[in-house]
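Chemist: The hints should help you fit chain B onto chain A, whose structure is shown.
Sequence lines, in order, name chains A and B. Taking my numbering as reference, the numbering of the first sequence is continuous, increasing by one, and the terminal residue is 340. Taking my numbering as reference, the numbering of the second sequence is continuous, increasing by one, and the terminal residue is 340.
Honestly, the hints are just simulated from the structure, not real lab data. Owing to the predicted nature of the structure, the values given are computational and were not obtained by experimental measurement. Take these hints with a grain of salt, some might be off.
No copy labels: a pair is met if it fits in one copy or bridges any two.
Stated by the list, open to error - When the alpha-carbon atoms are kept at most 30 Å apart in a straight line, the in silico DSSO-like pairs for lysine-lysine are as follows: (1) K215 / K106; (2) K144 / K215; (3) K228 / K101; (4) K178 / K228; (5) K101 / K215; (6) K203 / K276; (7) K178 / K160; (8) K203 / K248; (9) K215 / K178; (10) K29 / K144; (11) K160 / K276; (12) K178 / K339; (13) K178 / K248; (14) K335 / K101.
2 protein chains.
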Amino acid sequence: MKIALDAMGGDFAPQAAVDGAVLAAAKLAGKAQIVLIGQEEAVRPMLQQHGSAAASLELVHASQIIEMGEHPAKAYQQKQDSSIAVGYRLLHTGAVEAFCSAGNTGAMLVGAMFSVKTVPGVLRPAIANFTPKLAGGYGILLDVGANAECKPEMLEQFGELGSLYAQYVLGIARPKVGLMSLGEEEGKGTAITQAAHQLLKVNPHIHFVGNIEGRDLFNDKTDVVVCDGYTGNVLLKMAESIYEILDAKQMHDPFFDNFNYEAIGGSPILGINDNAIIGHGVSTPQAICNMLLQGYQMAESGIADQIKSTFKS
Amino acid sequence: MKIALDAMGGDFAPQAAVDGAVLAAAKLAGKAQIVLIGQEEAVRPMLQQHGSAAASLELVHASQIIEMGEHPAKAYQQKQDSSIAVGYRLLHTGAVEAFCSAGNTGAMLVGAMFSVKTVPGVLRPAIANFTPKLAGGYGILLDVGANAECKPEMLEQFGELGSLYAQYVLGIARPKVGLMSLGEEEGKGTAITQAAHQLLKVNPHIHFVGNIEGRDLFNDKTDVVVCDGYTGNVLLKMAESIYEILDAKQMHDPFFDNFNYEAIGGSPILGINDNAIIGHGVSTPQAICNMLLQGYQMAESGIADQIKSTFKS
Numbered sequence: 028m029k030i031a032l033d034a035m036g037g038d039f040a041p042q043a044a045v046d047g048a049v050l051a052a053a054k055l056a057g058k059a060q061i062v063l064i065g066q067e068e069a070v071r072p073m074l075q076q077h078g079s080a081a082a083s084l085e086l087v088h089a090s091q092i093i094e095m096g097e098h099p100a101k102a103y104q105q106k107q108d109s110s111i112a113v114g115y116r117l118l119h120t121g122a123v124e125a126f127c128s129a130g131n132t133g134a135m136l137v138g139a140m141f142s143v144k145t146v147p148g149v150l151r152p153a154i155a156n157f158t159p160k161l162a163g164g165y166g167i168l169l170d171v172g173a174n175a176e177c178k179p180e181m182l183e184q185f186g187e188l189g190s191l192y193a194q195y196v197l198g199i200a201r202p203k204v205g206l207m208s209l210g211e212e213e214g215k216g217t218a219i220t221q222a223a224h225q226l227l228k229v230n231p232h233i234h235f236v237g238n239i240e241g242r243d244l245f246n247d248k249t250d251v252v253v254c255d256g257y258t259g260n261v262l263l264k265m266a267e268s269i270y271e272i273l274d275a276k277q278m279h280d281p282f283f284d285n286f287n288y289e290a291i292g293g294s295p296i297l298g299i300n301d302n303a304i305i306g307h308g309v310s311t312p313q314a315i316c317n318m319l320l321q322g323y324q325m326a327e328s329g330i331a332d333q334i335k336s337t338f339k340s
Numbered sequence: 028m029k030i031a032l033d034a035m036g037g038d039f040a041p042q043a044a045v046d047g048a049v050l051a052a053a054k055l056a057g058k059a060q061i062v063l064i065g066q067e068e069a070v071r072p073m074l075q076q077h078g079s080a081a082a083s084l085e086l087v088h089a090s091q092i093i094e095m096g097e098h099p100a101k102a103y104q105q106k107q108d109s110s111i112a113v114g115y116r117l118l119h120t121g122a123v124e125a126f127c128s129a130g131n132t133g134a135m136l137v138g139a140m141f142s143v144k145t146v147p148g149v150l151r152p153a154i155a156n157f158t159p160k161l162a163g164g165y166g167i168l169l170d171v172g173a174n175a176e177c178k179p180e181m182l183e184q185f186g187e188l189g190s191l192y193a194q195y196v197l198g199i200a201r202p203k204v205g206l207m208s209l210g211e212e213e214g215k216g217t218a219i220t221q222a223a224h225q226l227l228k229v230n231p232h233i234h235f236v237g238n239i240e241g242r243d244l245f246n247d248k249t250d251v252v253v254c255d256g257y258t259g260n261v262l263l264k265m266a267e268s269i270y271e272i273l274d275a276k277q278m279h280d281p282f283f284d285n286f287n288y289e290a291i292g293g294s295p296i297l298g299i300n301d302n303a304i305i306g307h308g309v310s311t312p313q314a315i316c317n318m319l320l321q322g323y324q325m326a327e328s329g330i331a332d333q334i335k336s337t338f339k340s
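So here's chain A without its partners, still in its complex pose (with noise of 0.2 Å):
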């Protein structure tokens, strides 16, 4: 199996992402490849200095970068050879089976679109993340910025997208979904939340708890929580900032240092017929890892077959 790493995404590329392929590469070997996509000139140089341990990784060349702050449509559109877009046809074409970057969000999720397609049936894609759990472990939240506004029918499909993720990528047996919302009665929400509600409440391939609140994203209430791509979004970067103004005052804990993005590494686009992971763009070659560890899970798990099965019915 070949995982592939896009060598120029993210504000420390390609060293922080040459490093942490090279990490991820002994911690997969016998079981996965790592691919690197980039601008060889860059790339190679930085492989020759790890030696014998970059020796089982692969390079493809990739002239374009996007940049970090370019329209996402148009760059993946005019820039065919970027690394993104390279990264896009190798899994495509199934020459690899997961692409991971942590370069510009946007034109990831262009990408994603473009070229490997979202599922037939499901309506809009969703980015999700990973909330720790006080009892330990993670729980899923999406949308966390696909799609800033929402249809019920689109945050149902959610719920059955952090589902399908929560049982064949984590492992639990049949997670909890919950809505976000103000209040756990039905009736509490948005016009849009309390029509979600009602769709999710009977639909039969998830186990719908009913509504949480915001204090409920890091107790056992739920697996997966489900929200618009706005509120996930603040929600995701409040998180963020706690974590990091507890590391700055030096306040660490096990569960809040779970919180920080470098033991996840990246965010899975879920509901495309294949495994892509957005990373951040600060990401550390620890990060870097980890998001490729990530990959090869989700790639292991087949969960975007068991995606496409679900909707196809």
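Modeler: This is chain B only, laid out in the frame that chain A set:
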């Protein structure tokens, strides 16, 4: 000046209310008198236990109680001798200058709109909350639950209401107003936040600094953060849960300790013709005391008149 307190509101009422009122009375001696509203047979003995410390407190009898789980509008209309309804009558007639309650939030909101009423020109009142700042002090987040859905014009007005509160009650000379979004660029956000951005940008009464993200809630980019009541409520409750988790883990720090609702006391309803504050259901005597001090500050500042004159023009 008289400040009224719902003696029957909150999970630990009337004991916590009476004890908190006695604490506040000592701090406000010579400046304001506390008026307790509630069932005389329950409250009087508690006051007597405090002896001379409770001598300055006034007690107004109200025979009914609106329970936490009751339907706000129905309960408010049917229980005209409830402590909340009596409190708003005293406020409306000018017998008291602020009314505080840790009781049914919805009933407090309904009472505000039925009795003292929304300021002419204000589309909908908002509930404001206080967010601790890393540099010390507090910023304002609104709406945190009065309006799950908001039109762009409402969000614009929340910017004005929050700015006036920051200026006149918190003493911030030129409050920076930010709009909660997914990214700093104008075009980021939902259709509603994008439209609100355009309105806030040209509003002459405020110092609008643009979009902010979830990570900016605690830094010095803004003094006032505007969002819809769904988002604000989810953020507020998540922040509260973070404090509770830190507290349970005995991880204390001056910044995070400012997340404790007890330090603040309550959330003002802004955009009504008078001063009303809603406290947390689990309010302790310390929280009740701080809510009353906040009520005094609001009354003393003349914030309600400032809001009225701003929206008259």
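Chemist: Each hint needs a verdict: does it hold in this structure or not?
Modeler: Hints, one by one, checked against the model:
no., hint, result
1, K215 / K106, "between (46 Å within a copy, 23 Å between copies)"
2, K144 / K215, "between (35 Å within a copy, 24 Å between copies)"
3, K228 / K101, "between (40 Å within a copy, 28 Å between copies)"
4, K178 / K228, "both (16 Å within a copy, 29 Å between copies)"
5, K101 / K215, "between (40 Å within a copy, 17 Å between copies)"
6, K203 / K276, "between (34 Å within a copy, 26 Å between copies)"
7, K178 / K160, "within (28 Å within a copy, 35 Å between copies)"
8, K203 / K248, "within (7 Å within a copy, 38 Å between copies)"
9, K215 / K178, "both (17 Å within a copy, 18 Å between copies)"
10, K29 / K144, "within (20 Å within a copy, 65 Å between copies)"
11, K160 / K276, "both (22 Å within a copy, 14 Å between copies)"
12, K178 / K339, "within (20 Å within a copy, 38 Å between copies)"
13, K178 / K248, "within (24 Å within a copy, 32 Å between copies)"
14, K335 / K101, "within (29 Å within a copy, 48 Å between copies)"
The earlier numbered hints are all upheld by this structure, with none contradicted.
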